[in-house]
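Q: So the chains spell out like this:
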Amino acid sequence: MTVLEQLKFFAKTQRTALVDRQETVSYRELDARSDAFARWLLDTLGEDRSPVVICGDKETGFLSCVFGALKAGRAYVPIDSVVPEDRAAQIVADVAPKVIVDFTGRELDAGAKVLAPADLEGIFAVPGSVPPESWVGPEDPAYILFTSGSTGRPKGVPITAGNLDAFCAGLLPWYPEEGGTVLHQVSYSFDVSGCAVYAGISRGMTLFTVDHRMAADLRELFGCLRESGLTLWVSTPSFAELCIQSGAFAQELIPHLRQFLFCGEVLTHTLCDALAERFPAAQVLNTYGPTEATVLVTAAEITDEMRKDSRPIPIGGAIDGVTLALGEPGREIAGEEETGELLILGPTVGPGYFGRPDLTEKAFFTHPESGLRGYRTGDLCYRKNGLYYYCGRVDNQLKLNGYRIEIEDVEANLQKLPNVQRAAVVPVRDADQKVQYLAAFLLLREADGLTSLKRSIQLKKQAAAYLPAYMIPRKLIVVESFPLNVNGKIDKKALAASLEEGAP
Amino acid sequence: MEQKIAEIVAELCGADVEEIEPELNLFEEGLLDSFAAIQLVMGLEEAFGVSLDPAALPRESIATPAAIAALIREKQG
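Protein chains in written order, with our numbering: chain A, 1 to 504; chain B, 1001 to 1077.
Be aware that a few hints might be false.
Examples of chain B residues toward chain A, derived with CB under 8 Å [claimed, not checked]: (1) C1013; (2) G1014; (3) A1015; (4) E1019; (5) P1022; (6) G1030; (7) D1033; (8) S1034; (9) F1035; (10) V1041; (11) M1042; (12) V1050; (13) D1053; (14) P1054; (15) A1055; (16) A1056.
No lab work stands behind these hints: they were computed from the structure.
Backbone N, C-alpha and C fix where the C-beta goes; we use that ideal spot for every residue, glycine too.
Whenever a hint applies, use it, and build me the whole structure from the sequences.
A: Here you go:
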C-alpha cells in the first residue's frame, strides 16, 4: 500500500509527521508506534480478521493506530467522539470488533478488548516489527466509514487499500512536490481527512492537527495557525466560511499558505471571491467525491474567469485514473450541458456497502462496455468544456455545513423521543440553494404544556442521545396534523412554504 | 436594543421572542452550535452596524442576551 511504503521511506528522514496541541511526532516515531501496535494486533488477534474500532477526536495516538491496523492487515473503523453512544453502539454491533481503541472513556459494551490511552502507551513502548506481507492487500478493506443511512441506522462504506492507492495516484499530481504542512482538521470519520492522512503522508507532509475544541475556538485556532507554517488548507467550504467571518483570516496570518483544497459540499462564489481578496497568493482547488468512490474524484483550480462566470463554481474534471459519465450505465449522455446522474468508473470505486448486498446492488455496477466497476452517485451534473457542474441530488440526501445527512435518518431518530409520534424534517436553503439549517415539524403524542423555547431545550437534549449535534434540527415546530399531498404523503413543500411565511 | 437582540436570538433557536430572557444561556441549553453562533454574530453586525470579530470574541460575550447587549453597547461606544 502506497501510504505505508511512503511512511517507511520518510521514517529514514528527519521529517515531522504530525503536530498537535500536545506533541510533535516524527515520521520515524509514527512508523515505530504503528509497527508496535501492528505487532500487538497480530499477536493478540491471531487469525481473527475483524476490524479495529477507534473512538476519538484527534488524539496524538489516533494516527499510529490507523497505520498500525493497516500494517496488521486489518481494517479500522473510526468513530468520532461527537457520535452519541446509541449510534456508536449500533456501529460496534454491526462491525463486531475484537479490539476497540477508545480515547473518549465512553462505556462501549461489546465483548471486545477495549484499549484506553494508558494501555496504548504500554503497547507503543514495546518495539515490534511487521513484515510487509502482513499489510492490507489491494483487495482488503482499509477502513469502513459509517454515514447517515435512510433507515435511521448508520450505513457502512468499506474502502480497500487498492482504492486508496488509486485515490493517492489521482490526487498527488495536484500537491506540491516538496511536501509542506497540511491542515488536518477534518474528522477521521469523514473521508476528506484522507487528503491529509493518505495523500499528505504519502508526500511526506506534516499534519497540522486541529481537534474539535480548537476548531470551535477561532482565537486559539488563529494563535496556532500563526506558528504552523501551513502550506495546504484542506476543509469543507463551511469551515473556511466560519473562519473568514474574522478579518484576521488572511495571508498575513498564514504567510506560507499556497493552496486551499475544498471538498464535501458546494463551494460558493462568495467564498472564492473572499479568498481571492484575503489570500491573493493562494490557489483554490475545488473537488468533489462520494465516500463510496474514495474521498474525491474531480478537481479544478478556480480561475478568475470561473469566479466571474454566472454559472456555479465547477467541481472540475476527473482526476487521473478516474472515468466519469452522465446518465444510465451503457446509455450515457454525450451532449454538452445536458444534465444527468453522475456515474463514477474505475479503481477508486469501492466494493459496496458493509453487509448490505441489497443496497450495493442498487448503487454499484459493472459497466457493460468497459467492464469497469461503477457507482451511481445520486448527484445530478452537467458537463461543459471538460468541466463538471453540480446541480443537486436525485434523493433526500443533503449536505449541511459539510456533513452528509439523510433526512429520513433524522426523522427516524426524532421519532425515538418519548413524546414524538411523527417527525417531518425539511431543509431551509438560502438564495444560493445552500442548506442553512434543518427544521423539524413534530406531531406530539400528548400536549406537553411547554412554551416553544422550553420544549426546544427539552427535545434537543433528548435528541442528543441519538443524533450528533449537526443532525439535530435548529427549529422544532409542533403541528396538530401534517398537510398531505395528492399521493397521501406528508407534503414537505407545504411545510417548507409555511416556514417562509413565518407562520407554521 | 434588547427587543432586537431577542428577535435575532429567537429566530436562531426557533423560539418565540417573548420567551427570550436576558439570562438565558444559549450554549448551556444546547440552543446554539458553532455555526449558529457565527450566524448570530453576523446578524448582530447587520442589525447594529457594529463590527464584531468572531476570532476576538470570548464565547461568554455572546452566551446570553444580556451579555450580547453589553457587548453591543461597548462596541457602539
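Q: Give a verdict on every hint.
A: Checked hints:
no., hint, in the structure
1, C1013, "6 Å, holds"
2, G1014, "3 Å, holds"
3, A1015, "4 Å, holds"
4, E1019, "4 Å, holds"
5, P1022, "13 Å, violated"
6, G1030, "5 Å, holds"
7, D1033, "5 Å, holds"
8, S1034, "5 Å, holds"
9, F1035, "5 Å, holds"
10, V1041, "7 Å, holds"
11, M1042, "7 Å, holds"
12, V1050, "13 Å, violated"
13, D1053, "5 Å, holds"
14, P1054, "5 Å, holds"
15, A1055, "4 Å, holds"
16, A1056, "7 Å, holds"
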